[in-house]
Amino acid sequence: MSSSRLVELLRFPKSMTSVSDVQWNEIIEQGRKTHLMGQLAASLQRGEMLGNIPLAVKRHLELAALTATRRSESALWEIATIRRAVDPKISLVLLKGGAYLACADDNAVGRTFSDIDILVRRHELPAVEADLMSVGWKPSRMNKYDLGYYRNWMHEVPPMEHVRRHTVVDLHHAINPPVSRFHINPDKLFEHIEEVRPGVFVLSVTDRIIHCALHLLQEGDSKKLMRDLFDLHLLLRQHFVTVSSIEQLLHRARELKVDRLIGNAIGAAQALFAVEARKNERSGWLQSCVERAAREANGKAMVSGNKASSVMLAYSHWMKLPLYILVPHLVRKGFMRMTTDKDFNVRVA
Amino acid sequence: MNDLRMGDLSSLDIEQRLRGNGLGLHVASFRCLVRSDTGLLSAPLRQLYQDYPVDTDPSGFYDFNIRLLKSRSNFWNKSVVQFDWDGSSPFPTLPFEQAHPLFEWGLNWCVATASGQHTVIHSAVVERNGHALVLPGKPGSGKSTLCAALALGGWRLLSDELTIVSQSDGLVQAVPRPISLKGTSIDLIRRQFPEVDMTEAIQNTHKGSIAYARTPSTTMASGNLPVPIGYVVFPRFKAGSELVFEPLSRAAALVELMRNTFNVGLLGSTGFESLASAIANAKCYAVEYGDLSSILQWVDTTCHHPD
Numbered sequence: 001m002s003s004s005r006l007v008e009l010l011r012f013p014k015s016m017t018s019v020s021d022v023q024w025n026e027i028i029e030q031g032r033k034t035h036l037m038g039q040l041a042a043s044l045q046r047g048e049m050l051g052n053i054p055l056a057v058k059r060h061l062e063l064a065a066l067t068a069t070r071r072s073e074s075a076l077w078e079i080a081t082i083r084r085a086v087d088p089k090i091s092l093v094l095l096k097g098g099a100y101l102a103c104a105d106d107n108a109v110g111r112t113f114s115d116i117d118i119l120v121r122r123h124e125l126p127a128v129e130a131d132l133m134s135v136g137w138k139p140s141r142m143n144k145y146d147l148g149y150y151r152n153w154m155h156e157v158p159p160m161e162h163v164r165r166h167t168v169v170d171l172h173h174a175i176n177p178p179v180s181r182f183h184i185n186p187d188k189l190f191e192h193i194e195e196v197r198p199g200v201f202v203l204s205v206t207d208r209i210i211h212c213a214l215h216l217l218q219e220g221d222s223k224k225l226m227r228d229l230f231d232l233h234l235l236l237r238q239h240f241v242t243v244s245s246i247e248q249l250l251h252r253a254r255e256l257k258v259d260r261l262i263g264n265a266i267g268a269a270q271a272l273f274a275v276e277a278r279k280n281e282r283s284g285w286l287q288s289c290v291e292r293a294a295r296e297a298n299g300k301a302m303v304s305g306n307k308a309s310s311v312m313l314a315y316s317h318w319m320k321l322p323l324y325i326l327v328p329h330l331v332r333k334g335f336m337r338m339t340t341d342k343d344f345n346v347r348v349a
Numbered sequence: 350m351n352d353l354r355m356g357d358l359s360s361l362d363i364e365q366r367l368r369g370n371g372l373g374l375h376v377a378s379f380r381c382l383v384r385s386d387t388g389l390l391s392a393p394l395r396q397l398y399q400d401y402p403v404d405t406d407p408s409g410f411y412d413f414n415i416r417l418l419k420s421r422s423n424f425w426n427k428s429v430v431q432f433d434w435d436g437s438s439p440f441p442t443l444p445f446e447q448a449h450p451l452f453e454w455g456l457n458w459c460v461a462t463a464s465g466q467h468t469v470i471h472s473a474v475v476e477r478n479g480h481a482l483v484l485p486g487k488p489g490s491g492k493s494t495l496c497a498a499l500a501l502g503g504w505r506l507l508s509d510e511l512t513i514v515s516q517s518d519g520l521v522q523a524v525p526r527p528i529s530l531k532g533t534s535i536d537l538i539r540r541q542f543p544e545v546d547m548t549e550a551i552q553n554t555h556k557g558s559i560a561y562a563r564t565p566s567t568t569m570a571s572g573n574l575p576v577p578i579g580y581v582v583f584p585r586f587k588a589g590s591e592l593v594f595e596p597l598s599r600a601a602a603l604v605e606l607m608r609n610t611f612n613v614g615l616l617g618s619t620g621f622e623s624l625a626s627a628i629a630n631a632k633c634y635a636v637e638y639g640d641l642s643s644i645l646q647w648v649d650t651t652c653h654h655p656d
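Sequence order for the protein chains is A and B. Reading the first sequence from the start, the letters are residues 1 to 349 in our numbering. Reading the second sequence from the start, the letters are residues 350 to 656 in our numbering.
Isolated chain B, as found in the complex (with noise of 0.2 Å):
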């Protein structure tokens, strides 16, 4: 094990790796090697990752094998960037200064695909005392708002995009990434946290404007314990609305959990009992709210556990 941090190296020395033998970056449990040719990834690398382990002479078993090269088809086309996994990407390949974007959602990737032993949710996930707050949502529903908000003001960052669920013990496995913002909620987080430490925005990219804020140091302070689930809350964002809020079932909820999960096919019954017996004592809600604020305070008084 090693102590070297990103923050510790320079951008030039990030850029060296990148273009040469590659980066090592240690994600939770997961150790990528990134390598790339677009001298666009080592500032936001640097900024967002910074409190990472990284090894700057790649040596052991890595999970990644990660490759973000810039090719171009004809002299009169853009240059474009192209996502590698070991001679696979999910992704087409995309206007060149889209690469660190498309480095996050490659990276996303991996983790869903390499986690497919557990129980994969398309699902943002904090945690406060010991337990879980896992808020599924649909694109536009805020969830990465809430969940960057939620980060910002103490609690753990568990993931932003991946709540990875155990398949023997029902706990929350923690893989904390930067958070992503897109669109207006940019600037709300700006506004709210002006203190936060996040890229500038990219634009035009499939998902709007989009930027990136550094994993909360506190998130990364504090190790990646995995914990139970406590509460399971479906945000809906409708603007101009008042906040409202509704119990739900516990079978309501794992319906729809099972519907935001990416392996059902491949766990078959046996994701289905665990995952029911993951939120055998979570309490479970729909929310629909019109401004962060409101749905921030409501949190904070309903998904308390007690210490």
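So that you can see chain A by itself, here it is in the shape it has in the complex (with noise of 0.2 Å):
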């Protein structure tokens, strides 16, 4: 089963009209499935096409939207926390979910996400760590292996979990690892944050974009590409109108040397979601692959993979690491795993 239909509905709210009620089973089955409830039902909201939802459904979506907004509600109240805990002279610069939180972007509405994401400059990181240690957010307990591969490679910190809230904040020193092809110094981004509260930032528009697309190629989880797509979607529509603020966005990321990565990725988002579908864009082989990955991943229950998402999830590592680290790290991971599996079911049999 594909997600069209859902898809249609996030494009162009008025077709509700005609959904009928068995079609609902398989928009919800698959609102479900991509973690897009909340963002159906304030897309719905949007077009003001709430009011004629079946009273059976409607108790769903309204009930994801509740979640969506009291978890909002949470995570910035989080945040504030986060920003009395750190140092101020310490510049604490939100990412996704949070980011767009804050900035009060279309796409925050209805959308929920679990980890708190912050950006802080490298050599400050310890600092920062220190400070949220110190109110109760503890590192991850992980084996040395898994620690020294975030240490050495990755550009985050493994994630830090509050002892009593079990909230996470994910620390990072930069978008992309280091020692990944695309890698983009943090310094560029730097340049252009901009504070939203005291002491709290977010990337520029533009960067913020260019993030949500890089993220949603490097995370290889086609299970939150449809998601990830929405997103990327729902801000161009936003802050980048016209054909110059394309232009624009564009030339920023060949700036950054991302630029046919972030072609693809907002090529992938208008052809699924963009009402008009922007002609002559190019279309590669990737951005075929992410629409496809992003269309396909949501069919029958924990039937896993597809070619289209295999093909997403080996592009990603490829986009993270070298290959002479990414070989020996899968190679390893391999054999962690078939260990452990053989644990667990001796453990539930």
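Be aware that one or more of the hints could be misleading.
Cβ-to-Cβ under 7 Å is the rule here; a few derived chain B residues that face chain A [unchecked claim]:
| # | residue |
| --- | --- |
| 1 | F410 |
| 2 | Y411 |
| 3 | N414 |
| 4 | D435 |
| 5 | G436 |
| 6 | P439 |
| 7 | G465 |
| 8 | S534 |
| 9 | L615 |
Some chain A residues flagged as far from chain B (calculated, every beta-carbon gap over 10 Å) [claimed, not checked]:
| # | residue |
| --- | --- |
| 10 | W24 |
| 11 | K33 |
| 12 | L76 |
| 13 | D146 |
| 14 | E195 |
Just so you know, these hints were derived from the structure itself, not from any lab. What you are looking at is a predicted structure, and each value in this text was computed from that prediction instead of being measured. Ideal Cβ positions, reconstructed from N, Cα and C, are used throughout, including at glycine.
Mind assembling these two chains? They're in different frames, but the hints should get you there.
This is the structure:
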């Protein structure tokens, strides 16, 4: 089953009038699988269609909207707590969900996110980690190998979880791994950050979009692909309406040497969600692969994997790490998985 | 609305639907579409849900699209069963024999999740003379046993696991389901109610041995009318103890109820306020008891609202 009906409804809320009860089954199933229930509710609300939904369906959408609202409130509260805990001289830059929320971007409405992502300068990391630990965020417990993987190669430190509230903070010192073939020097991003609350910053809107596009490609998780593409679409629709503004965005992407990636991600988002799809945009293999992986990721329960999403997964790894690091890592991970799986089965059986 | 009940179908009919396009099962205001290739669901479903409306040809919108599927990772591993609701499950895969308990636990989770706009309390709840008796309790407090005995003794079962209190009017919503019994209480209930219709116990689940008693027909016949909370009783079983009880202030009861509420964070302050007004006229007690008959007698005399 592909997610075409959900996509259609997100793209064009007015099409809801022709949705039958049986089709709602499909839409809600896809909405849950793609974690887009809250955004579907928000999108129908924006299209003033919420009143016409069958009552049985409406209660699920309303609950999703309520959940998203509450989570957003608590995320803002956590952000304020983090700001108070960290040395005021250090700028905290919100990324992804937290940033959309703090800027009240269109895509923040109905969007649920679990981790708070924060970018700081690399030399400030130890101070920030220590400050967060002092108010109850504890570093993840992981084995030496995983710890080394994070510390040596990744653009973030291992997730920190609050001991009582179990909220998770992901501290970044860059938006992609320093060893990545598309590494973006964070200094270039810090040049354009914008202050949204005292001491709390976000990337410039152009860089937010570039990060969104880059993230969806390098994450490689086709289950989240649809949501990330919808984010990208809504951000573009809100901030980059004119052709010249899109040009400006691509110019910035060229400057950061990620223009091909960004072009493909934007192309996929527009092909899926834009009401009048832009013609003659380049439609490379990467773009069609992204589209297909997003559409097909939500098929039959638990049957994981199809060609497009496997390609996406492989590509995301290729983006993130050079082969001399990637290959040994995957081999080692494969071994670990085999051994832990065995233990798991013994325990369950 | 159809008039077909689970009991009208043969086990074979049910099995075919479960393996095919699904069997529609209506539980109060929730419509569930159940699919399973385990072969272990049709018998308990037919026995326990015989008075529930069903659709043999699924049509319209279903709140829960549930799959219980058998799988086996390698030929040398035992088969396991996985619960799935639209791609998510709070449970790990379980040994194959536990397919039916997994269905019941899974459906509880679906109902609790989808009722998030109401206050959802981890608590048994029964009703007599238009007033609900809410029985919150930790595992081992004897709440399920007490709930089963009350429901089999003429109280209307609203739920043996989830007390759902409406945010708007403070009434308890009925979502009656088969009653789960664990460990020694299985034989206890069999002795007290020899006529009870119960499944064979399944051993070695993470909750020990577990059996299910069919939802009493009187409960099913009396509809799903929501009722106000009349009593909140916190039972505590202590072997060999004489029955002692103490009245609780509503404030103390409220704090304890909040502690047993799944969605406190989701509801925020409005949840607190609505639950406070929902128990504004309730009498609240903590009861310690050593045997079932003493607390049944106590409930009968104390939680007796005049008609």
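Going down the list of hints, with the structure as the test:
no.	hint	result
1	F410	4 Å, holds
2	Y411	6 Å, holds
3	N414	6 Å, holds
4	D435	4 Å, holds
5	G436	4 Å, holds
6	P439	13 Å, violated
7	G465	5 Å, holds
8	S534	26 Å, violated
9	L615	5 Å, holds
10	W24	5 Å, violated
11	K33	4 Å, violated
12	L76	13 Å, holds
13	D146	22 Å, holds
14	E195	29 Å, holds
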